[in-house]
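Asker: Chain by chain, the residues:
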Amino acid sequence: MVFRLLRARWRHGSQAVPDPTTAMPDPMFRGFPDIAKEGAPSAEMIAACPGAALTVNPVAIDLGKCHLCGSCARAANSPIRLTNRHHLGQTRRDALIVTAGTSFEEYHARAEKGRDEIRRLFGRSLKLRSVSAAGCNACEMELNATTNANFDMLRYGIDIVASPRHADAVIVTGPVSANMADALEDTWNATPAPKLLVLMGACAISGGLFAASPALDRRFFKDHAPDIYIPGCPPHPLTVVNAILHYLGRENGR
Amino acid sequence: MARTLNILLLLFLPFLMLGIINRVKALAGGRKGFPLLQPFFDTLKLLRKGAVVSTVTSWVFAVAPALALAATFTALLIAPGVGRTQVIAFDGDIVLCLYLLGLAKFFQLISALDTGSAFEGMGASREALFSVIVEPSLFIFAGTLALVSGHMSFGELFSLSGGSAWPTVAASAGAIMLFLILLTEGCRIPIDDPNTHLELTMIHEVMILDNSGPDLAFLQYAAALKMYLFATLIAALILPADIPAIHAAFALPVVALLCAVLAGLVESLLARFRISHVPQFLFLTVALSLITLAAAIYFRGGVA
Amino acid sequence: MPPMDRLLLKNRAAIPFDDLPKISYQALGDIAVGCLCAALRPVALFGVPEERHAESVRIVALFADDAQGTLAVTSVSAQRGATVPSLTPSIPAFHLFERQLWEEFGIVPEGHPWLKPVRYPHDGHPPRRIEEGYRYFAMKGEESHEVAVGPVHAGVIEPGHFRFLCDGERVNHLEIQLGYQHRGVERLFREGPLAAKSTLAESVSGDAAVAHATAYAGLVEALGDTVIPRRASVIRAIGLELERAGIHLGDLSALCNDIGYLPGTQLFAVMRTDIINTSLVLCGSRFGRGLLTPGGVNYDIDEKKKERIIATVRRIRDNAGLLAASIFDNQSVLARFEKTGSVDTATARAVGLVGPAGRASGLTCDIRLTHPTDAYADHPFMKTILQNGEGKAAVSGDVYARAFVRHQEIQDSLRYILELLERLDAARDGIIAPVAPPRPDMIAFSLTEGWRGETLHAAVTGGDGGTRRYYIKDASFHNWFGLALAVRDNGVSDFPLCNKSFNLSYCGFDL
Chain A
1 MVFRLLRARW RHGSQAVPDP TTAMPDPMFR GFPDIAKEGA PSAEMIAACP GAALTVNPVA
61 IDLGKCHLCG SCARAANSPI RLTNRHHLGQ TRRDALIVTA GTSFEEYHAR AEKGRDEIRR
121 LFGRSLKLRS VSAAGCNACE MELNATTNAN FDMLRYGIDI VASPRHADAV IVTGPVSANM
181 ADALEDTWNA TPAPKLLVLM GACAISGGLF AASPALDRRF FKDHAPDIYI PGCPPHPLTV
241 VNAILHYLGR ENGR
Chain B
1 MARTLNILLL LFLPFLMLGI INRVKALAGG RKGFPLLQPF FDTLKLLRKG AVVSTVTSWV
61 FAVAPALALA ATFTALLIAP GVGRTQVIAF DGDIVLCLYL LGLAKFFQLI SALDTGSAFE
121 GMGASREALF SVIVEPSLFI FAGTLALVSG HMSFGELFSL SGGSAWPTVA ASAGAIMLFL
181 ILLTEGCRIP IDDPNTHLEL TMIHEVMILD NSGPDLAFLQ YAAALKMYLF ATLIAALILP
241 ADIPAIHAAF ALPVVALLCA VLAGLVESLL ARFRISHVPQ FLFLTVALSL ITLAAAIYFR
301 GGVA
Chain C
1 MPPMDRLLLK NRAAIPFDDL PKISYQALGD IAVGCLCAAL RPVALFGVPE ERHAESVRIV
61 ALFADDAQGT LAVTSVSAQR GATVPSLTPS IPAFHLFERQ LWEEFGIVPE GHPWLKPVRY
121 PHDGHPPRRI EEGYRYFAMK GEESHEVAVG PVHAGVIEPG HFRFLCDGER VNHLEIQLGY
181 QHRGVERLFR EGPLAAKSTL AESVSGDAAV AHATAYAGLV EALGDTVIPR RASVIRAIGL
241 ELERAGIHLG DLSALCNDIG YLPGTQLFAV MRTDIINTSL VLCGSRFGRG LLTPGGVNYD
301 IDEKKKERII ATVRRIRDNA GLLAASIFDN QSVLARFEKT GSVDTATARA VGLVGPAGRA
361 SGLTCDIRLT HPTDAYADHP FMKTILQNGE GKAAVSGDVY ARAFVRHQEI QDSLRYILEL
421 LERLDAARDG IIAPVAPPRP DMIAFSLTEG WRGETLHAAV TGGDGGTRRY YIKDASFHNW
481 FGLALAVRDN GVSDFPLCNK SFNLSYCGFD L
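Protein chains in written order, with the working numbering: chain A, 1 to 254; chain B, 1 to 304; chain C, 1 to 511.
Looking at chain A on its own, in the form it has when it is part of the complex (with noise of 0.2 Å):
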């Protein structure tokens, strides 16, 4: 029994990505979306946005009611090609707006760090308490691979903590449904200070495709800042792990 385990163990190595801050993903990832200046996106890929994303006057896609769903840039004489380009993260909501001719460089370099006290605290042990406020399963399996063997995010001393007492942010997934509310702000509540908010997924961010449905409770963001803002649908682990590690002041991993 143990020889057949040994063996099983010895194929398969080691399976961390050596170094997630510069590891890339599949070509095939829709991530940063490039939209060039000549052309405009037509009324039918406006209508076709499941987010509603996309706006002209300015040409823009807000990341952070875009589901990366790609139809904008499958769509005859699209402006819009999706890269692979998945360091997505920032801290402010207006920087997710991603308007034509924006690089992939000019965008990132929007991202912000936290503060200085921030960083000199939570810099080497950061632990995170998950809330799913009616997420689609789609985030909180991405945000379990974070810790997997894979992507192993433990490595720079973030962790998933089982009780909000333990925990110095929390990260919310899901458009926080009616029936979350209060769940979502009594886990905040007690979850001592200092500390942070995170939104993982287009759906936290601003509710998403769900952002027009009566059974959601969204007053929980205008009383509480988010303190980092992650795209996607769901966010690529490495996403997830750069955002944080970017908000960290710790991008090279160190």
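Calculated directly from the structure, the hints in this document are not laboratory data.
Please read these numbers as outputs of a predicted model, since none were measured by experiment.
A virtual CB, placed ideally from N, CA and C, is assigned to each residue, including glycine.
Please note: incorrect hints may appear among the correct ones.
Partial selection, computed: residues in chain A whose CB lies under 8 Å from chain B [what the hints assert, rightly or not]:
#  : residue
1  : Gln15
2  : Ser42
3  : Ile118
4  : Phe122
5  : Arg124
6  : Ser125
7  : Ala149
8  : Asp152
9  : Gly157
10 : Ala162
11 : Ser163
12 : Arg165
13 : Ala190
14 : Ala193
15 : Leu197
With beta-carbon atoms standing in for the labels, derived distance ranges [stated by the list, open to error]:
#  : chain 1 : residue 1 : chain 2 : residue 2 : range
16 : C       : Ala148    : B       : Gly50     : 23 to 29 Å
17 : A       : Ser103    : B       : Val254    : 53 to 59 Å
18 : C       : Asp464    : B       : Val56     : 54 to 60 Å
19 : A       : Arg219    : C       : Ala148    : 23 to 29 Å
20 : C       : Pro127    : A       : Ala36     : 45 to 51 Å
21 : C       : Arg135    : B       : Ile176    : 48 to 54 Å
22 : A       : Ala43     : C       : Asp18     : 32 to 38 Å
23 : C       : Pro127    : A       : Arg219    : 16 to 22 Å
24 : B       : Leu37     : A       : Arg115    : 20 to 26 Å
25 : A       : Ala47     : C       : Asp225    : 20 to 26 Å
26 : A       : Ser103    : C       : Ala436    : 37 to 43 Å
27 : A       : Ala43     : C       : His53     : 35 to 41 Å
Starting from the known structure of chain A, arrange chains B and C on it as the hints suggest.
Answerer: Relative to chain A, chains B and C alone:
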């Protein structure tokens, strides 16, 4: 000199042991895992964090973490350190040491009950059950050694001598028993899973679910100290008494870190027992302590 | 001659709504009796508000005849707030459907043994708020105690409330309360053109994106009478089986994690990553999002992708087989899996379990076999009944059986993917066809075997071609109660293991 070294080791080795266990598990799993010094980083951060306290708790919840740490730390001062020297030593200090551990555990249990949470209550009752089985084995073992050596202090307790196979049997049975107790008190697989996210299966973890900030740091350090205590007992048991002081200074950390490596390997290879099977497993420790007692009678012709 | 109290349909059929037979509740009870002898299986019972009379509701009943490969559909007229005789006392599998009718339309099933809310929807009849002083079952006794878990759980998992009534460590009864995830999905399907809802369908339950997208796309195509290219149907099936294999590998990893068996946890997780990265190569998403669209698929498989998928699938099939054999041989693993969380065959049938959980309890429901469409009809899916170490099929209904069934299904799915890839060369008719708009005043049903089990999307179109009613039934709708029954007389600390062995959807239930 030895006393200072003992205290220094107390401050660093428990965290290092935790770090080693995590590194071994990570290596066995083909992943990077936490850095070796992560327990230090976590503790330093927790000491600078605030705390959230339920309004339903009482002074018990407020006082328990510091009290548990103080009791455990004091117990470690009595435990045999480098070359079996102790920071605090007197005749009968074994009893005080074990009772201090009991005091720490008692306060952790009632603190868990104080929160009024159903899980913490369940975790406390499981922890209490395991203690009921493990503590007698410790007392029987220590008592046997005390009667044989004629001393009631850790410093002299471990001078196993005479009677053919007696030292070997006592050392082997004792070391295995102490290692199993290390796994139990340190809440390691196969008894408990320190990394589980399933509140219904937690034992130690669940009792500290409501603690935050410095209190959490105290409790985590106290848990690591307990593991280290059993490592010191194992070291005292298996290391010969007459090694030069320089070697002794290294031997104890080496034994402690080896215990950590072994614990890491056990965690990596075994599945966790069903909670209802854990008491059966723990009776092993009682059996081993009784073997020691029987060996004393058999090989030495009695314990007197 | 088929009886006139029901219409017989094939899977993915669309018929005019007015063609639905209208029978009495008595007659419905007579048909439902067929479920007791397993001639029929209840698939759905849901209400459709009548177009012209707001107070009238048409209750649509759908049964499956697995042996014949048909669906039987009928309907009963009722008023909101009316009282009707309950079917549940004789056929427990209807219990949740009747509760939903009560919650949505106020139709009271008289004689229902346990009428309680289903998901606290925002548009219920009347609207209810969750946790509004609902009184859970209670037990009294010397050692009895109650443990309440959730909605927020210690791990990264969707919210739900579990209330255990325990005697010491043993669970006497578990009451599950869901609804925390309710987002109003069915209503969002009704707003706007039905053909533009792929992303919404994928988000019903994000870990079963391909399953729900398949059911949804099939529904839209049925309503528009669109036939998709053969190549597209093959690629859809590949996507669905990749999803199944990937999730099952993840489940086996999670089961090992729950018992603290690290080698199993890590190695299965690695294999799952390989599979979902194959999905990424196929369609740009680790979860298969964006692959399907009404009319076909968005992404083709060229020679290079095909080579890559074949290499990965072959490697995983071998490694997964090797690892599973070592896991199911390991005494400490078996000690945790066997005889834990058992659901016997009779209970499973009575409650109406579906999917791998049902099959692990000895049921044989699988839409791919009984009601196949598209690629599954052109190229039949073969199931192998693997035998465990004792030469028996794994139908003991415990955690071990549910894990073993997953191992079997991984092997079957990976083999089927290789078979489908061979058929790609023969199917060169493009990957997408123009989809016709939904015909007005129709009702259509689309069943898919998702990895959790039977997934249903149904819709009724209105006179203007808009959507009058969109009904979704995830496999979890049946299986949550199976979980509640499975944990009885087990240790409360074994609950996570039972839960993971079912792996049910909270958001797919809550919609």
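Asker: Take the hints in turn and mark each one as holding or not.
Answerer: Hints, one by one, checked against the model:
| no. | hint | in the structure |
| --- | --- | --- |
| 1 | Gln15 | holds, 5 Å |
| 2 | Ser42 | violated, 47 Å |
| 3 | Ile118 | violated, 11 Å |
| 4 | Phe122 | holds, 7 Å |
| 5 | Arg124 | holds, 4 Å |
| 6 | Ser125 | holds, 4 Å |
| 7 | Ala149 | holds, 4 Å |
| 8 | Asp152 | holds, 5 Å |
| 9 | Gly157 | holds, 6 Å |
| 10 | Ala162 | holds, 5 Å |
| 11 | Ser163 | holds, 4 Å |
| 12 | Arg165 | holds, 4 Å |
| 13 | Ala190 | holds, 6 Å |
| 14 | Ala193 | holds, 4 Å |
| 15 | Leu197 | violated, 16 Å |
| 16 | C:Ala148 with B:Gly50: 23 to 29 Å | holds, 27 Å |
| 17 | A:Ser103 with B:Val254: 53 to 59 Å | holds, 56 Å |
| 18 | C:Asp464 with B:Val56: 54 to 60 Å | holds, 57 Å |
| 19 | A:Arg219 with C:Ala148: 23 to 29 Å | holds, 26 Å |
| 20 | C:Pro127 with A:Ala36: 45 to 51 Å | holds, 47 Å |
| 21 | C:Arg135 with B:Ile176: 48 to 54 Å | holds, 52 Å |
| 22 | A:Ala43 with C:Asp18: 32 to 38 Å | holds, 36 Å |
| 23 | C:Pro127 with A:Arg219: 16 to 22 Å | holds, 18 Å |
| 24 | B:Leu37 with A:Arg115: 20 to 26 Å | holds, 24 Å |
| 25 | A:Ala47 with C:Asp225: 20 to 26 Å | holds, 24 Å |
| 26 | A:Ser103 with C:Ala436: 37 to 43 Å | holds, 42 Å |
| 27 | A:Ala43 with C:His53: 35 to 41 Å | holds, 37 Å |
In this structure, the earlier hints numbered 2, 3, 15 are contradicted, and the remaining ones agree with it.
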